[in-house]
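Residue numbers (our numbering), protein chains in the order written: chain A, 1 to 587; chain B, 588 to 778.
Everything labelled a hint here was simulated from the structure, so no lab data went into it.
Now the in silico label distances, taken between C-beta atoms and shown as ranges:
1. A:Gly495 - B:Val613: 32 to 42 Å
2. B:Lys736 - A:Gln577: 43 to 53 Å
3. B:Arg593 - A:Pro537: 44 to 54 Å
C-beta: ideal position from N, C-alpha, C; glycine also.
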Amino acid sequence: MTANGVLQLGLYLGVLLACVKPLGLYTARVYSGSAPLLEPVIGPVERLFYRLCGVDRSKEMTGRQYSVAVLMFSLVSFVAVYAVQRMQGWLPLNPESLPAVSPDSSFNTAVSFATNTNWQGYGGESTMSYFTQMVALTVQNFVSAAVGMAVLVALIRGFTRQNTDTIGNFWVDLVRGTLYVLVPLSLVLAVLLVSQGVVQTFDAYHEVTLLEPTVDAEGKAINTQTIAVGPAASQVAIKQLGTNGGGFFNVNSAHPLENPTPLSNFLQMLAILLIPAALCFAFGEMVGDRRQGWALLTAMLVIFVPLLVVTVMAEQAGNPVLAKLNVDQTDADSQPGGNMEGKETRFGIANSALWAVATTAASNGSVNSMHDSYMPLGGLVTMWLMQLGEVVFGGVGSGLYGMLMFAIVAVFLSGLMVGRTPEYLGKKIGAFEMKMASLAILFPCAMVLVGTAVAVTSTYGRATIFNSGPHGFSEVLYAVSSASNNNGSAFAGLGANNPFYNGLLGLAMLVGRFWVMLPVLAIAGSLAAKKSVPVGPGTLPTHTPLFVMLLVAVVIVVGALSFFPALALGPIVEQLQMAKSNLETSS
Amino acid sequence: MFQQLRTATLILIAMTILTGGIYPLVVTAIAQVVFPSAANGSLIRQGEQFAGSDLVGQSFSRPDYFWGRLSATAPVPYNAAASSGSNFGPLHPGLKAATEARISALKAAGSTGKSIPVDLVTASASGLDPHISPASAEFQVPRIAASRKMSEEAVRDVVRQSTAGRQLGVLGEPRVNVLRLNLALDQRKSN
Chain A
1 MTANGVLQLG
11 LYLGVLLACV
21 KPLGLYTARV
31 YSGSAPLLEP
41 VIGPVERLFY
51 RLCGVDRSKE
61 MTGRQYSVAV
71 LMFSLVSFVA
81 VYAVQRMQGW
91 LPLNPESLPA
101 VSPDSSFNTA
111 VSFATNTNWQ
121 GYGGESTMSY
131 FTQMVALTVQ
141 NFVSAAVGMA
151 VLVALIRGFT
161 RQNTDTIGNF
171 WVDLVRGTLY
181 VLVPLSLVLA
191 VLLVSQGVVQ
201 TFDAYHEVTL
211 LEPTVDAEGK
221 AINTQTIAVG
231 PAASQVAIKQ
241 LGTNGGGFFN
251 VNSAHPLENP
261 TPLSNFLQML
271 AILLIPAALC
281 FAFGEMVGDR
291 RQGWALLTAM
301 LVIFVPLLVV
311 TVMAEQAGNP
321 VLAKLNVDQT
331 DADSQPGGNM
341 EGKETRFGIA
351 NSALWAVATT
361 AASNGSVNSM
371 HDSYMPLGGL
381 VTMWLMQLGE
391 VVFGGVGSGL
401 YGMLMFAIVA
411 VFLSGLMVGR
421 TPEYLGKKIG
431 AFEMKMASLA
441 ILFPCAMVLV
451 GTAVAVTSTY
461 GRATIFNSGP
471 HGFSEVLYAV
481 SSASNNNGSA
491 FAGLGANNPF
501 YNGLLGLAML
511 VGRFWVMLPV
521 LAIAGSLAAK
531 KSVPVGPGTL
541 PTHTPLFVML
551 LVAVVIVVGA
561 LSFFPALALG
571 PIVEQLQMAK
581 SNLETSS
Chain B
588 MFQQLRTATL
598 ILIAMTILTG
608 GIYPLVVTAI
618 AQVVFPSAAN
628 GSLIRQGEQF
638 AGSDLVGQSF
648 SRPDYFWGRL
658 SATAPVPYNA
668 AASSGSNFGP
678 LHPGLKAATE
688 ARISALKAAG
698 STGKSIPVDL
708 VTASASGLDP
718 HISPASAEFQ
728 VPRIAASRKM
738 SEEAVRDVVR
748 QSTAGRQLGV
758 LGEPRVNVLR
768 LNLALDQRKS
778 N
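Just need the whole structure built from these sequences, with the hints factored in.
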């Protein structure tokens, strides 16, 4: 790694960690019912919401009612996004006269945005009108993120309450998370992004004159360039903050009008991990022991940092195939060097690799470089981070409740070792909680493996693979891993906008969202009904380095055992092929 | 359950008005008032028309222009209405072929340096990358100087004016804006 690379990565982690406490404290207040900072401005809007929608904010829900509310809201969201895409041709704010989106693509996109995955089978600037981007997609960027946070908060209440059957009011959690956390942060970020050159306009696409005219494949002279624009900044801000990741343009934040400068890049990267990291602190605050939150954040960093270093080094090492053509891939003050295929000059290696690791660690899925063109080891890291279940930071809310499932398994394992009933945060972990935690962890794993197997054994699944050999297998494995864990990034060579992949990946996204969320809410309800037991001499403390290492080990062992065989067929074989071709030429 | 469905629908409508209507409109209003050029695509005005965008690259193949990154957009390179990367894996034969073709083209145009900077022979992620590294610009300086009958130092002067360092001294990578550079070269000639 270059000195400047180390400096940039260090700066990023430093700024991120500095934001954890203030934002975490603020978020904890929002969900505990008080937020004095913005109350004078937002309070009236919040009360208007409840009045118009007929929500009685004092009415608490049981785990079951909370689940039904989540499902109903997701269903209505799905229907709305599907309908807007299908009627796009008749709706306003469509200066490019884009037609209705196909039924299978609309289904996939509606599932994708309602589940906070934001997988995109389509290219934004050539498919979606400004109306669809704003009214269908931007809205889901907000609310699907708020749903994730709401479910996390419901689970936390399961730990903090006792002898009750209620875990909060979903509508209140949804509205407060959106109004107090997501909207203010997005507003600030969007304006900062515009200052850097992210477009925000309702004008039609611009036509400019080329300095050097060119010819297309048929020999026709091309004198102009059409530059796609649109209301991008408002969507990009929440796409990053809400771990959504669905780009305004086809190439997402690699597009110079979606992410124009190193500063816009820094802000967008910060936004990826900002809320997931802060929620760890909020968790500690809400359970009344901040050390518990720091322990979980530490576990995440223990996995994150080494994988980041591996990726930066793999990409900086460059491609041996190009080295043989006398291409200079060494890093210097005057060039980034390394594997620059599918990367932007302004970001170079360090910022591309950092983004790739952050976006797959969190279930964000936005990209500022093309993951399909990564070196085998770099691609492996991004895939594996998703396969770990999106618990290393993970999605807003969903990452932390996923990590808490692993924490439950970790205390259970240590309970087995010493022969005591396991406890976590004062609640005894019984057979029911263990069953539910296992379901939440194993369902997405199974979906990845079965889905990949189905795709690579069917002719439809193989027909649209772009790269051949193990890299082609990686494209499919990446796609199903991404969908099943609600990430949304892709090895984009795979042609996924067809009925087969739109259907398969749509199903995977539903499994990844609700087969985790529903067991989590079941645990929340069950824990809330139990009484808290005081800490005794036999209680395993869950804020110590010992527990952090145990938790990390559980996450890694589950991830490694489940996915090593599949990864061996993809990036690991590719790495060996590369090493072999290197040996052959050097001998 | 019906009650929940009704509430869900009403909340989504209210959220749509706020986050899908008011929020983007407020951002647009601020953007258009405070940062009008940036909000509209950072276009470069030349007389009556636009010569391009500061942020969007264009395709160059003439020997007397600096060339940018390879672009994998279809049907023409640097198609700013359909951004795309190549998605070549590191061992894809197409990657090697594209790099070799670029190297031959550079040689044919008169760039004879031995070791070519990697960003000049690889495709960008967006297909619209407006920049190349300072090393890639320097690699092309002798060719530009020869075909424009300028001294290499004079060309380097123009390059320096189109070069940006790391933002705030640390962020990102040093880079040269290819379109700005070529416009500046043409400007110089017409003076």
